[in-house]
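Asker: Sequence:
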Amino acid sequence: MLEFIVTIAIFIALVIPVGNYLYHISTGQKTFADPVMDRIDGVIYKISGVRPDKGMNWWQYAIALLTTNAVMVLIGYLILRIQSISILNPNGIASMEETLSFNTIISFMTNTNLQHYSGESGLSYFSQLLVITFMMFVSAASGYAACIAFIRGLAGKTKECVGNFYMDLVRVTTRILLPFSFVGGLLLVWQGVPQNLGANIVVDTIEGMKQTIATGPVAAVEIIKHLGTNGGGFFGANSTTPMENPTIISNLIELYSMMLLPGACVITFGKMVRDRKAQAALENDIAIKSSLTTKFFGREGRSIFLAMGILFVIGLSVCFWAESQGNPALASVGLTQSMGSMEGKEVRFGIAQSAMFTTTTTSFTTGTVNNMHDTLTPLGGMIPMLHMMLNVVFGGKGVGLMNMIMYAILAVFICGLMIGRTPEYLGKKIEGREMKLAALCIIIHPLLILAFSALAVAVPAGTEGITNPGFHGLSQVLYEYASSAANNGSGFEGLADNSYFWNITTGLVMFFGRYLSIVIQLAIAGSLMRKKFVSETVGTLHTDNVAFAVILVFVVYIFAALTFFPALALGPIAEHLTLWS
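Mapping of the sequence shown onto my numbering: residues 18 to 598, in sequence order.
Among the hints, a few may not be true.
To be verified - DMTMM-like mimics (lysine to aspartate or glutamate), calculated; alpha carbons at most 20 Å apart, straight line:
1) Lys176 / Glu448
2) Lys445 / Glu553
3) Lys549 / Glu177
4) Lys176 / Asp70
5) Lys549 / Glu441
6) Lys71 / Asp55
7) Lys174 / Glu441
8) Lys549 / Glu448
9) Lys47 / Asp58
10) Lys47 / Asp70
11) Lys446 / Glu553
12) Lys446 / Glu177
13) Lys174 / Glu553
14) Lys71 / Glu177
15) Lys176 / Glu441
16) Lys63 / Asp51
17) Lys548 / Asp391
18) Lys445 / Asp55
19) Lys71 / Asp58
20) Lys174 / Asp70
21) Lys453 / Glu441
22) Lys548 / Glu177
23) Lys548 / Glu441
Simulated from the structure, these hints should not be mistaken for laboratory data.
Using the sequences provided together with the hints, build the complete structure.
Answerer: Right under this line is the structure:
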């Protein structure tokens, strides 16, 4: 327990300055990086013909994001199809098959990084660097740019402009992702993670056999996969292998890397909304009291951060408890379970760090793993699955915050109905248009997961990939589509998923799960920013306190968790009851 408390405390200590830094970048304020980065940005703008001073409304912003991503998808797909060329291909990797190329490029452009291949044997260094690593930067930057535009819309300082997508994309990349990746990559190299362009190494083992050890630009891929909440591993075994994650220090570096920016987005949201309220108070000569938490998180950011934190701690506690109980099936054959369920886990991490990493990677929608999720106990495996189904427990690349705001709008709507007044959020009235869009956004996620899961278990092409009969087989299917829809990328790796059916269906789920939500959320922000601010009255529901954070937690569990309960009851819950009966 002390281990968890210290880990979370360090996270909060780190996320506050990073959130403040992201806030300064989002609002165009000066930062320590400007003297160098302004010049680099200027060169990029000049080469690409971008006018950073040209503002965009929400529709123009969405179109710019979609078209930019589409061009990158096309180029990346072509590179994967011709990667057998001799450029940076010392191991002679062949070109990817067409449906696997489709799945891979959609996966990395949508920041999902679901892998139906093993990185060390499926990709050349040319593809690893020019497609995979590049996509990890731009897909994460696209998501954070959309989040920043969304927050600007909610803050409502203008009636139309939510920023410039190209400017946001460049600034997030050059001021956050690149410098943080450079420092983090050096730390991983210090801990023993390889970083080279040499061919695989063949060594003699102590048994007199030959063993091939894959190396390559591992540290460069590893740091951005966590920092950008990407998740795709250089190796098929991901961060369970010592080549990607050799020590407890490297484990903590990767853990905090994937937690930092999603948490920072919440702080940025709180500070940007606080700025608007502070300006309104100044104009009306009203004094605002400010506590320490308000200073760090902003009033609205504080309640959102608290709600996300409660959901995270509940999930972590259940996962740790479930894995600590051990596996009765292994105990029945005489294997001691005093250390908990260690099947599929690294001894150097143990139950505690495995549970923390598992809960974090699916809460912050990163998708990296330091243990095999398919070997988790039924309830332990249900937590990462549930958090991807919720997709609001911090989430990745700003998406978690945007999704949580949808539930905040739903919460104020329900509370408004209960007290008989028009619901308000952030000083704007929530009316029919916003509620319809929010409801549509909330419905899309479970619809994609459940509809495609039903299809997979109903057609032969889908059932052929299920290698585990019974309840666990259904859990594998649910996990695969939950991971795809949440743009997570981890998997219950028992599926034979490199087939036409699984490559195409998961590719579609990743695509729609990413872009439909972003467009709808930008539309909501665009609608709200055009509305007039309304004055607070005694009947106004305050959304900046602990009470609203608790309401938000209950709304998320009632509407999101109960949507998936029948499916979970047929999968992990039924497996747990069978195992412990």
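Asker: Would the pair Lys446 and Glu553 pass a check requiring their Cα atoms to be no farther apart than 20 Å?
Answerer: holds, 11 Å
Asker: If you draw a straight line from the CA of Lys71 to the CA of Asp58, is it 20 Å or shorter?
Answerer: holds, 15 Å
Asker: Just to be careful, I want the Cα atoms of Lys453 and Glu441 compared with a cutoff of 20 Å; is the pair within it?
Answerer: holds, 15 Å
Asker: Measure nothing beyond the straight line between the CA atoms of Lys47 and Asp70; if it is 20 Å or shorter, mark the hint as holding.
Answerer: holds, 16 Å
Asker: Please work out if Lys549 and Glu441 have their alpha carbons no farther apart than 20 Å.
Answerer: Holds - the C-alpha atoms of Glu441 and Lys549 are around 12 Å apart, at most 20 Å.
Asker: Between Lys174 and Glu553, does the CA-CA distance stay at or below 20 Å?
Answerer: holds, 18 Å
Asker: Does Lys549 pair with Glu448 here, judged by a C-alpha cut-off of 20 Å?
Answerer: The given pair, whose Cα atoms are some 13 Å apart, holds under the 20 Å limit.
Asker: For the pair supplied as a hint, Lys445 and Asp55, is the alpha-carbon distance within the 20 Å limit?
Answerer: Violated, because 36 Å separates the two Cα atoms, which is more than 20 Å.
Asker: Given the hinted pair Lys446 and Glu177, is their alpha-carbon gap at most 20 Å?
Answerer: It holds: about 17 Å lies between the C-alpha atoms, which stays within 20 Å.
Asker: Between the alpha carbons of Lys176 and Asp70, is the straight-line distance 20 Å or under?
Answerer: With Cα atoms ~17 Å apart, Lys176 and Asp70 stay inside 20 Å; holds.
Asker: Holds or violated: Lys47 with Asp58, Cα cutoff 20 Å?
Answerer: Given that 20 Å is the threshold and the Cα spacing comes to 14 Å, the pair holds.
Asker: For the pair supplied as a hint, Lys548 and Glu177, confirm whether the alpha-carbon distance does not exceed 20 Å.
Answerer: Satisfied, since the Cα-Cα distance of roughly 11 Å is no more than 20 Å.
This entry does not satisfy hints 17, 18, going by the numbered hints stated previously.
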